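Number of protein chains: 2
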Amino acid sequence: MHLADLETPQLVLDRTRLDRNIERLRTRLAPFGVTLRPHVKTNKSADVTRRLGGPDAPITVSTLKEAEYFLEHGWRDILYAVGIVPSKLPHVEKLIRRGARLTVILDNEETAQAVAAYAKDHALSLPVLIEIDTDGHRSGVPPEDDMLLRIGAHLRAAPGANAWLAGVLTHAGESYNCRSHEAIVACAEQERAGAVRAAERLRADGHAAPVVSVGSTPTAHFAESLDGVTEVRAGVYVFFDLVMHGIGVCAVEDIALSVLCTVIGHQREKGWLITDAGWMAMSRDRGTAKQPVDQGYGLVCDEAGRLMTDLVMIDANQEHGILRHRNDPAATPMLPVGTMLRIVPNHACATGAQFGAYTVVAGGTEVEATWPRFSGWA
Amino acid sequence: MHLADLETPQLVLDRTRLDRNIERLRTRLAPFGVTLRPHVKTNKSADVTRRLGGPDAPITVSTLKEAEYFLEHGWRDILYAVGIVPSKLPHVEKLIRRGARLTVILDNEETAQAVAAYAKDHALSLPVLIEIDTDGHRSGVPPEDDMLLRIGAHLRAAPGANAWLAGVLTHAGESYNCRSHEAIVACAEQERAGAVRAAERLRADGHAAPVVSVGSTPTAHFAESLDGVTEVRAGVYVFFDLVMHGIGVCAVEDIALSVLCTVIGHQREKGWLITDAGWMAMSRDRGTAKQPVDQGYGLVCDEAGRLMTDLVMIDANQEHGILRHRNDPAATPMLPVGTMLRIVPNHACATGAQFGAYTVVAGGTEVEATWPRFSGWA
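Chains A and B supply the protein sequences, listed in that same order.
The working numbering puts the first sequence at residues 1 to 378.
The working numbering puts the second sequence at residues 1 to 378.
Keep in mind that a hint or two might mislead.
Simulated crosslink set (BS3-like; lysine-lysine; CA at most 27 angstroms straight-line) [as the list claims (entries may be wrong)]:
1) A:Lys-270 with B:Lys-290
2) A:Lys-65 with B:Lys-65
3) B:Lys-65 with A:Lys-290
4) A:Lys-94 with A:Lys-65
5) B:Lys-65 with B:Lys-120
6) A:Lys-290 with B:Lys-290
It should be emphasised that the hints constitute simulated quantities derived from the structure, not laboratory data.
Bear in mind the structure is a predicted one, so any value in this text is a computation, not a measurement.
Only chain A is shown next, with the shape it has when bound in the complex (with noise of 0.2 angstroms):
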């Protein structure tokens, strides 16, 4: 079978590029003494995450849904990143029930009281990691706020207490507005000393509080330094993406995630080729349109995967995608109706959403294995 037998839009995955992207950070962090605790919320399939490591191997989640799906197909050390809500405990109690070794996050008051009092009540062991902000990024507590230490005294261990405070965790989320090598370098010491400062200052209440938990795919890739850090965090580094290649992180070349789709008419007055992928199979996602180049819905490769220079999806609608060449319409190659063509995606956890499969190629267009992926919370 090639990708020349299948019914467009598909979403295609090369493997090769897949490993290599793998061992590039995997040989990258080797030297730093952590442990790498992949983010498969950008992959969602136990075919891809098998190849960052076995189920011994620790991952880290961003639903609840992941979770139970990683734990059916084996793996167990397992950190819900996105702040516990007290009304998911039961959910998260059944799943370590039922084997798993998860931890939560949370970076409030409210929530560290409720999940103490649930796992005294239920008698469940519960590691707790508490959130730190230190970018601004989204959710988090200041390394030097008072609250980090209200927030630890909440899970202090004490008799009949079974929540635990393992340690923090923080995401430079802001490391994908960067712009440079250097301004990413600096992204990663301050995530780094956030986190260490969060962390010593709860030791020096008492906590053993022994985690301390890192990452994003810039920072992860470009840290100089990782002292006190022990686990780093990253997902989209197995795909990479456009919006990655913008900030400086990876080569066109390395980005293992296309969209196969078919020409199905012109515009030759405008120089449009029309598609057969739309927004609907990109996602809606813009990432590179803040970046200074501005890769509309993504770069246009042909069917083998060999970019096309200066061919750009310029616009989507539904079902309908728009390639021109980037600055001169007459540009344009007018290639005949049924062509086939490869998009690379802006962002690989949105573009992977839409489909329910990887076409798995190795560098070519035959196809050597299909590999589901799921969707969705419940």
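Got chain A sorted already, so can you dock chain B onto it with the hints?
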């Protein structure tokens, strides 16, 4: 079961509003004597589509997966309203052999020739509409272009020919960019006049071309004349959304779709509420960003669906939503962790696609049903 019993995020559908929206367009179009052929790409659900009309009713689809699903659920009269490509003809044939009365569309000679040849070789009766471009939005042949007649010639009834020219189709996609009632009326007239003119040219050239199919949710609601039109298509009107509200087609209180989420934390100094519905739940659609009032990722309602004045989902991470007062961070109500809210989306087609089911309510918080919906292409 009530919404409060559910793990979030969930896609909530208010059936009361759905039924009202359906009735509104049905009533509006009745005096025009046209067929309403709803576009089911928005809902992708037999349960929703049944409320639009039983299996005898005509429908429009945007993918062959939709055609296949609705055929399996009993619908027969199906218009596939994205330009057919020759490689999809075997799939089209399979659906027709299984009982679908499937119509395809095309806008170029290459495809017309391929369709005519395939239909002849396979003795397949295949009605074809020529797609007309009445506003430069995406695909189609301009009504005055001579290519129209050349395409028609490839589809002319002849001994052994089985593909036949059933008429024309156009979609006033630019109506989504209208800013006033008058502008939509003008768009609707341009759509009607262009489609009717194209059909007249084909008829003058000897084709029967009985079908004149037009439509978009804005033009369907504001067209003042449908003279010469035989059918109207519209999809998003069953749910409506903030983009339609921004155009002036509906009130916020008409929007039947929302995403149920839970407050998981705060950033009090910034006036932020953090929720567990991020862009993965809302989609990345920011369709109101180019409208006069930018609604961020959506407007916020309480659990019962009552709008909370000026509370907006201003930003999103994959599984985090950030809510804030539109203008004054200090005015954001610091709702406790665990509070459930409902976010009204920019674009119902995009948000719906992120979920595998509708949680159905009838104006309140009691869940009266769960209706599955599908996604993807394969």
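Each hint, compared with the structure:
1. Of the supplied pair hints, the one linking Lys-270 of chain A and Lys-290 of chain B holds, its CA atoms being roughly 23 angstroms apart against a limit of 27 angstroms.
2. At most 27 angstroms may separate the alpha-carbon atoms for a hinted pair to count; Lys-65 of chain A and Lys-65 of chain B meet this at roughly 25 angstroms.
3. Distance restraint check for Lys-65 of chain B and Lys-290 of chain A: the Cα-Cα separation of roughly 34 angstroms exceeds the 27 angstroms cut-off, and the hinted pair is therefore not satisfied.
4. Distance check on the hinted pair: Lys-94 of chain A and Lys-65 of chain A sit about 12 angstroms apart at the alpha-carbon level, within 27 angstroms; holds.
5. Distance hint between Lys-65 of chain B and Lys-120 of chain B is fulfilled; the C-alpha atoms sit about 25 angstroms from each other, no more than 27 angstroms.
6. Restraint check for Lys-290 of chain A and Lys-290 of chain B: satisfied, since their Cα atoms lie roughly 15 angstroms apart, inside the 27 angstroms limit.
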